[in-house]
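A.B. asks: Chains as they are written, first to last, in the numbering used here: chain R, 1 to 305; chain S, 1001 to 1309.
Since the hints were made in silico from the structure, they are not lab data.
Misleading hints may appear alongside valid ones.
Unchecked claim - Below are the BS3-like pairs computed for lysine-lysine, each with C-alpha atoms no more than 27 Å apart in a straight line:
id, chain 1, residue 1, chain 2, residue 2
1, R, K90, R, K79
2, R, K210, R, K122
3, S, K1137, S, K1218
4, R, K90, R, K71
5, R, K7, R, K71
6, S, K1197, S, K1137
7, R, K71, R, K56
8, S, K1042, R, K122
9, S, K1068, S, K1081
10, S, K1272, R, K156
11, R, K71, R, K98
12, S, K1197, S, K1218
13, R, K205, R, K90
14, S, K1137, R, K7
15, S, K1044, R, K122
16, R, K124, R, K205
17, R, K124, S, K1044
18, R, K28, R, K98
19, S, K1081, S, K1272
20, R, K156, R, K170
21, S, K1041, R, K124
22, R, K124, S, K1042
23, R, K98, R, K170
24, R, K28, R, K56
25, R, K122, S, K1041
26, S, K1081, R, K156
27, R, K170, S, K1044
28, R, K79, R, K28
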Amino acid sequence: MLRYIGKRLVLSLITLLVLATLTFFLVKLIPGNPFLDETLPPEVQERQAEYYGLNKPIYEQYFVYMGNLLKGDLGTSLKYQGRLVVDFIKEFFPNSSKLGLTSMIFSWATGLLAGIICSQFKDKPIDYILVFIAVLGIALPSMVVGPVVRYTFGVKLGWLPVSGLGDTWKQFVMPVFCMGIGSLSGLTRGMRATMLGVTTEDYIKTARSKGLSPFQVVWRHEIRNAIIPMITGLGSTIAGIFTGSFVIEKLFVIPGLGKHFTNSVTALDYPLIMGLTLFYGAILILGNLLVDILYGVVDPRIRVS
Amino acid sequence: MDKNIAFEQNAFDRLPPDSFEREKIARPPTTYAQDVWRSFKKRKTAVLGGVVLILLLIMVLIGPYLSKYDYITNDYTAINKAPYGDHWFGTDTLGRDMWVRVWQGGRISLFIAVVATIIPWAFGMILGGLCGYIGGKLDMIVMRCVDVLLGIPSMILNILLMVVMGAGNIGTLIIAFSVTGWLGACRGTRGLVLQLKAREFVMASQTLGASSSRIILKHLLPNTLGVTVVSISGAIPGAIFHEAFLSYIGLGVGPPNPSWGSLIKTASEVFKEYPYQFAFPCICVALTMLSCNLLGDGLRDALDPRLRS
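Chain R on its own, in the form it takes in the complex (with noise of 0.2 Å):
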């Protein structure tokens, strides 16, 4: 086990890294200079240049670089003069991930549960239902569904507020709602398709043949083996949501960080945007290796390959 953490580890440690180097190399290809002004003069110019370290090598500066991000230095934001991106993070990422979670939670449990329930009445109706609103909801992307929703349930019906977040448990419904629907559905349809994979194993005929009642057999021995391999979906949930909080948080003027980040790309704040991107990426590389350390806690089957 320790062994399989440990590769884990190295390999997570390693894509941070490149994804760092990446990031640093392309901000250097982007064209242009943030101090070329032609109305400064040229000694000007030379000492921004000093002040701020765009005159040493390349492989000088990439220490330098990689040495901040070590101390959490993210860099300092083009379009709100003097704030650090780290700044951002602190202010606006514990709104961003009180949404993420809850729409996590909401996903995961009403997915798996749909699915539960659609194979325990295979090919009845509410299989049909279930499905169809699943295929539903992998088809329409959270910048259809949202718009749609907020108008429906905020404007027209006004049910439900259609801005910010904090005030009351109801300003979560609907952004939760529309992050969570597409994981939802896949998660739906993956967790249908696994436990009726399950039910033909052959650990399933002894549970039976021990005389177990049939929700025993589903709620011991079906639900636990068929949740197993949905946790690697995990990953792709959390990408799935941050990607929806980028849309979502914008949609609901939810002061986020998907919100800022959205704007940071209108606003060409190339600092602020890849700060924001190398923070997301680490978190997702971090969620990723949980992922996989848990899947080989609860399978161990895998430690072993």
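Starting from the known structure of chain R, arrange chain S on it as the hints suggest.
C.D. replies: Leaving out everything else, chain S in the frame of chain R:
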């Protein structure tokens, strides 16, 4: 138990040797393609998905020519008009015809999705196939790189590349998708080739003295095709979604070119006032993704006998 089992009088007579005609082949043998087509036809949803997709493709190809307007000319006398007269889908906030823009946007979206799926897949398949077949150092080096690069979320890498290369260009979108798209194909094909290489029919072929190129072309390639088609039919809606997402956050197709994603983005800003501008591109995206998924499910069942239930 019933003890009085009655036998027919001739039950123990010897049968004539030919009575079963067991050497006769009852019906003409089915080829793989016929078999696939037969089981594909059985799934009505998949056929429906295929038909809808073909209809959409036809509309995307001929749609812009059916209208007398083009997708770029502004008409300031007709701004934000709901569908009327010659403007079958109405006009947008700049007085451009929505019908033409929706189909032109579809052209761009679908072109990006298809090209940005096929190119990296072809590359990944070739590289992965080589790695699996040759093995050794090449395999080790390439697979370690793939491991690391697959660890970086593709969305993050796409965003980075689009920021650096400059948004708004169709070519850069295809490049960005290609950089991330080949990884999965490479790993998948390698695994498949490794599996197939150990199978008996390959060994038989080798024993009979077949050359490497014959084994690759005749045995390995045809056997990977099914899985590849299925994966590609899953990757195309993914690419459509990614394009729409990038366009939505402002890193995708730039003006004046429309794409479904950018049309949705522009229209969602005026959704309350002019819902029709939002509805048409959304319906197109949803229909495309839906039919791609249905078609993909049908293809998977039809092409891969092991997955057939």
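A.B. asks: It remains to establish, for every hint, whether it holds in the given structure.
C.D. replies: How the hints compare with the structure:
| no. | hint | result |
| --- | --- | --- |
| 1 | K90/R with K79/R | holds, 18 Å |
| 2 | K210/R with K122/R | holds, 24 Å |
| 3 | K1137/S with K1218/S | holds, 26 Å |
| 4 | K90/R with K71/R | holds, 15 Å |
| 5 | K7/R with K71/R | holds, 25 Å |
| 6 | K1197/S with K1137/S | holds, 18 Å |
| 7 | K71/R with K56/R | holds, 20 Å |
| 8 | K1042/S with K122/R | holds, 19 Å |
| 9 | K1068/S with K1081/S | holds, 17 Å |
| 10 | K1272/S with K156/R | holds, 10 Å |
| 11 | K71/R with K98/R | holds, 26 Å |
| 12 | K1197/S with K1218/S | holds, 12 Å |
| 13 | K205/R with K90/R | violated, 53 Å |
| 14 | K1137/S with K7/R | holds, 20 Å |
| 15 | K1044/S with K122/R | holds, 18 Å |
| 16 | K124/R with K205/R | holds, 23 Å |
| 17 | K124/R with K1044/S | holds, 18 Å |
| 18 | K28/R with K98/R | violated, 34 Å |
| 19 | K1081/S with K1272/S | holds, 14 Å |
| 20 | K156/R with K170/R | holds, 16 Å |
| 21 | K1041/S with K124/R | holds, 22 Å |
| 22 | K124/R with K1042/S | holds, 19 Å |
| 23 | K98/R with K170/R | holds, 14 Å |
| 24 | K28/R with K56/R | holds, 13 Å |
| 25 | K122/R with K1041/S | holds, 22 Å |
| 26 | K1081/S with K156/R | holds, 22 Å |
| 27 | K170/R with K1044/S | violated, 41 Å |
| 28 | K79/R with K28/R | holds, 19 Å |
In this structure, the earlier hints numbered 13, 18, 27 are contradicted, and the remaining ones agree with it.
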